[in-house]
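Number of protein chains: 2
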Amino acid sequence: MQTTEIEALVDEMARNARYASLALATAPREEKDRTLRALADLLENSVSPLMEANGKDLEAGRAAGLSDALLDRLALSGERIGAMAQGVRQIADLDDPVGEVLETRERPNGLLIRKIRVPIGVVGIIYESRPNVTVDCAALCLKSGNASILRGGKEAIYTNTALAALVTRALEEGSLPGHAVQLIPTTDRHALQCLLKKDAWIQCIIPRGGESLIRFVVENSLIPVIKHYKGVCTLYIDRAADLEMAKKLVINAKCQRPGVCNAIENLLVNEAIAAAFLPDIARALVAEGVELRLDESAASIVAAAGDIPYIPATPDDWTEEYLAPILAIKTTPSTESAIEDINTFGSGHSDGIVTADEAAARRFLAGVDSATVYWNASTRFTDGFEFGMGAEIGISTDKLHARGPMGLNELCTYKYTVTGRGTIKE
Amino acid sequence: MQTTEIEALVDEMARNARYASLALATAPREEKDRTLRALADLLENSVSPLMEANGKDLEAGRAAGLSDALLDRLALSGERIGAMAQGVRQIADLDDPVGEVLETRERPNGLLIRKIRVPIGVVGIIYESRPNVTVDCAALCLKSGNASILRGGKEAIYTNTALAALVTRALEEGSLPGHAVQLIPTTDRHALQCLLKKDAWIQCIIPRGGESLIRFVVENSLIPVIKHYKGVCTLYIDRAADLEMAKKLVINAKCQRPGVCNAIENLLVNEAIAAAFLPDIARALVAEGVELRLDESAASIVAAAGDIPYIPATPDDWTEEYLAPILAIKTTPSTESAIEDINTFGSGHSDGIVTADEAAARRFLAGVDSATVYWNASTRFTDGFEFGMGAEIGISTDKLHARGPMGLNELCTYKYTVTGRGTIKE
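If you read the protein sequences in the order shown, they are chains A and B. Following the working numbering, the numbering of the first sequence begins with 4 at its first residue and continues without gaps. Following the working numbering, the numbering of the second sequence begins with 4 at its first residue and continues without gaps.
Incorrect hints may appear among the rest.
Put simply, identical chains are the same to the list, so a pair is met inside one copy or across any two.
[What the hints assert, rightly or not] Keeping only pairs whose Cα atoms sit at most 35 Å apart, straight-line, the calculated DSBU-like set for lysine-lysine is:
| hint | residue 1 | residue 2 |
| --- | --- | --- |
| 1 | K157 | K233 |
| 2 | K118 | K233 |
| 3 | K428 | K233 |
| 4 | K157 | K59 |
| 5 | K233 | K251 |
| 6 | K233 | K250 |
| 7 | K250 | K200 |
| 8 | K251 | K200 |
| 9 | K428 | K250 |
Bear in mind the hints are in silico, worked out from the structure with no lab data behind them.
Throw the hints in and build the complete structure from the sequences for me.
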């Protein structure tokens with residue numbers, strides 16, 4: 004496509020999304036749920052055309068030399084399509100977040116002020132290879148009354164186009180505006196740049212993907228962005244920790260699924276218990292296949308304990324998101340120094356303390372400036388499902404609007420309605 | 004100052020603000036209130052040095068040819084300084100928003116999840132000539148546990164510097180970090196540009212001022228911005244309106260203080276009552292000194308009624324914020340067309356319907372996509388004090404984070420704390 008064609012296309016899509024969003028904002032729950040259930044049925048009944056479209060992406064991906072890991076993320080199967088359909092039905096079953104009265108106040112002059120949950124409006128979702136994001140995000144935005152504009156990755160363009168066509172058919176069946184969900188049909192980066200300037204029509208951008216994609220979005224967007232760059236999560240083992248519990252939590256937080264953002268990358272151990280704890284946890288981690296990167300103090304204790312393999316940590320280790328079975332470990336003198344360390348090097352995602360000392364725990368919970376702070380629990384629970392939200396569109400490490408796991412409520416904003424009896428300002 | 008000096012200075016201020024914000028986030032209410040009361044006393048005891056500093060700004064302003072209106076906004080007086088001090092004491096009296104438990108949920112696995120109100124962190128306030136903003140914003144940020152970086156206008160630099168020095172003394176007296184409130188000592192635009200890139204240290208920017216300043220901030224900021232560009236507010240007089248009530252509300256919403264953002268700039272009149280309502284309201288508005296800009300349909304009715312002066316409206320009139328005794332008026336066939344008109348031309352600030360028809364009112368309240376929507380009340384109530392927030396830092400027409408009047412709660416975000424008993428993810 005020509006540059007000017009792209010510009011005209013994105014502008015038209017953004018305008019159409021805005022009009023659709025106004026209709027969607029007051030759409031009754033039944034229409035939204037009927038559309039979602041129609042989409043789930045369409046997905047289940049479209050396995051072979053979806054697999055065919057996906058085959059084209061996989062073929063192009065292989066030709067382009069994509070890694071096996073990326074090809075796996077891209078690949079659909081009957082099972083994966085069934086899981087998508089099931090996810091959409093679960094979203095249909097959730098309560099409608101729109102219209103809930105969040106606060107009511109009556110003023111001395113008789114004004115009745117209500118704060119009401121309403122959709123954000125138009126949400127732009129920018130994502131990379133995983134095609135299930137297309138369906139998940141479309142469904143979450145629809146349920147929360149938002150129009151969405153989806154911009155997926157080049158690798159999944161055939162699959163995403165086929166999925167978006169099903170969404171459009173479902174919108175028809177549910178009698179909702181066809182522009183309520185739109186996929187940008189080109190992965191030209193200029194289209195993304197145009198989209199990020201449409202602040203007259205689009206109210207929120209959610210980028211999902213690697214740090215460089217997210218940075219590009221933040222640098223180019225006039226529209227508010229909700230994001231998390233990375234998850235550099237830390238567990239701090241306090242001097243008053245139950246060391247058996249600590250061991251269990253470290254292993255779970257690091258090893259249960261090392262490739263996700265709420266797995267820990269750093270371990271801080273209070274100096275007072277380092278000698279008692281470090282050799283044992285180091286052995287256990289190595290047995291799980293974890294590579295250890297130790298500061299000098301931790302290294303001297305582990306080295307003294309005998310034949311445990313480790314690598315000396317470099318300064319970069321304290322800020323790196325490994326997403327892999329690697330753990331950076333250092334000792335620290337106090338709860339206060341642990342708090343400072345996490346606030347300096349962490350990413351504000353999920354951090355925890357293991358301790359039996361309630362006062363230390365309270366200081367840690369208050370002092371650590373992260374979206375989710377844990378006491379005697381694995382950091383792996385930072386997740387919309389684990390939080391009981393029933394679904395999640397992502398996790399935010401931003402301070403503004405939404406922080407931590409984002410479900411349907413976080414895809415909404417609020418408005419005030421004010422009712423008077425001819426009330427004027429004196 | 005040299006460009007590199009400015010860069011180094013802003014970077015250091017932003018870092019220092021971040022460190023101060025971490026201390027401030029857990030500062031007990033008593034320390035914050037003691038600091039605020041000390042500031043109020045210092046203001047009252049510093050009338051003559053403040054007037055002296057303000058005199059330099061006024062002199063420079065006169066030399067630069069500032070308008071009388073601008074000079075008046077800039078000028079301090081004993082009374083205005085007293086009002087500032089009183090405002091600060093009122094903020095001290097407000098409840099501390101920090102630490103409130105907003106939600107609690109216990110999960111089947113025993114995890115106790117609490118959602119807790121916490122400060123945003125570091126807030127940058129960008130504003131123009133009015134020096135009372137320096138004190139108001141410093142006090143509101145302090146009370147809500149946020150560090151602030153203030154960047155005032157060139158016209159008020161001496162006054163702002165003198166006021167900021169008092170804030171610093173008050174922080175000392177209250178034993179709070181001196182960097183909790185910092186004024187950028189230069190009004191070089193490069194300093195503002197640097198500030199807007201410090202997303203590693205600053206979490207929120209609030210610009211207050213004209214549309215071009217706010218647009219500059221949005222275009223240059225990597226940090227989330229909360230703003231309102233302008234207030235193009237509309238009252239819609241429905242066919243089922245009580246016309247006496249409608250007249251009273253229109254006069255109040257337009258004339259009580261025409262220079263503010265929640266005054267109306269547009270009036271929509273249902274065609275069914277236009278002939279009955281328009282001549283009467285037009286005469287009343289003209290008697291109040293209001294200039295009328297009428298669409299063809301409204302003009303033909305008003306012209307037929309005799310000698311009422313008006314100007315034909317141009318397309319720009321429907322989107323212009325006059326901030327002056329001017330009102331654009333058009334007729335419209337229905338509540339639905341009024342909703343569409345407001346969603347197309349309005350600024351999403353404050354809009355209202357006057358009607359005795361509850362069903363029409365409900366459709367309007369739901370359908371108008373504005374931060375505050377009124378039924379049978381003047382739009383002039385969109386204000387933190389009128390909403391019972393006790394204070395306001397501004398009004399947002401954004402969808403994200405805060406919408407409408409912003410008080411102390413809106414200067415906060417939330418965090419989750421999660422307590423387990425050695426709970427791991429299965």
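Going down the list of hints, with the structure as the test:
| no. | hint | result |
| --- | --- | --- |
| 1 | K157 to K233 | within (22 Å within a copy, 39 Å between copies) |
| 2 | K118 to K233 | both (33 Å within a copy, 22 Å between copies) |
| 3 | K428 to K233 | between (49 Å within a copy, 21 Å between copies) |
| 4 | K157 to K59 | within (12 Å within a copy, 60 Å between copies) |
| 5 | K233 to K251 | within (24 Å within a copy, 55 Å between copies) |
| 6 | K233 to K250 | within (25 Å within a copy, 56 Å between copies) |
| 7 | K250 to K200 | neither (49 Å within a copy, 41 Å between copies) |
| 8 | K251 to K200 | neither (48 Å within a copy, 41 Å between copies) |
| 9 | K428 to K250 | between (63 Å within a copy, 14 Å between copies) |
Hint check: violations occur at hints 7 and 8; the rest are consistent with the structure.
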